Each structure stands twice: as C-alpha cells, then as structure tokens.
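Take these sequences, add in the hints, and give me the full structure.
Here my numbering is used: the first residue of the sequence shown is 2, the next is one more, and so on.
Hints were generated in silico from the structure; no laboratory data involved.
Keep in mind that this is a model prediction, so the values were computed, not measured.
The beta-carbon is built from N, C-alpha and C at its ideal position, and this holds for glycine as well.
A few of these clues could be false.
If you anchor each label on the Cβ, the simulated ranges turn out as follows [to be verified]:
# : residue 1 : residue 2 : range
1 : S20       : G60       : 15 to 25 Å
2 : S47       : V78       : 41 to 51 Å
3 : A41       : I83       : 38 to 48 Å
4 : F18       : M86       : 11 to 21 Å
5 : L87       : I38       : 41 to 51 Å
6 : Q37       : A73       : 25 to 35 Å
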Amino acid sequence: MLFELFEVFKYAVSEIFQSTVRSINIVLGAIVYMVQIIRAEWAVSSILERMLVLVFALGIVFAAYKLLWDSAKLIVVFFIVIFLMLFAEGFLF
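This is the structure we're talking about:
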C-alpha cells in the first residue's frame, strides 16, 4: 500500500509542478506581451486609447496570475489529501 501511495504521490507531484511551470510561463509571456502592446501603442495613441490598452494588458496579466494562483491552491489541496491518506492508513500519529 505504501509503494502504491508513493507512486501516486510521485505522479501527482510531477503533474502539479508541470502545471505550475506552464502557469509561470504564461504569466511571464503575458507580462512580455503587455509590455510590447504598451510600447507599440503608447507613442501613437491618444490618452483614451492608452488607457484602454493598459486595461487590456493588465487583464491579460491578471488572467495569467489567476491561473498561477489556481495551480498554487492545487498544490496545497494535494498535500492535505496526502496527509489525510497517511493519517487514515495509520502512518501518522
């Protein structure tokens, strides 16, 4: 049972960290994209267009951050489930 639990743990950790790395890449890509949009539009736009571009770019970064936050919550839930499984099997306490 412990070996099976370890295999599940190893697979889940791998999936969670891959998801986290993908989320970090999306956040960094969104920040780069935001900077490119602002640099391209800032020189040729009116004040209203600048504000719209800034809101759009910040929305992209917020969406990417939300994705990363969901991944972090998944990691916490995963460790709680592992703790409860170990507790139920009698390995803790």
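Taking the hints in turn, this is what the structure says about them:
Checked against the hint of 15 to 25 Å, the C-beta distance between S20 and G60 comes to roughly 22 Å, which is consistent with it. In this structure, S47 and V78 meet the distance hint of 41 to 51 Å, their C-beta atoms being roughly 46 Å apart. Range check, A41 to I83: Cβ separation about 47 Å, and the 38 to 48 Å hint holds. Taking 11 to 21 Å as the suggested C-beta distance range, the pair F18 and M86 conforms, at roughly 19 Å.
Distance hint check for L87 and I38: the Cβ-Cβ separation is about 48 Å, which falls inside the suggested range of 41 to 51 Å. Between Q37 and A73 the C-beta distance comes to about 27 Å, which sits within the given range of 25 to 35 Å.
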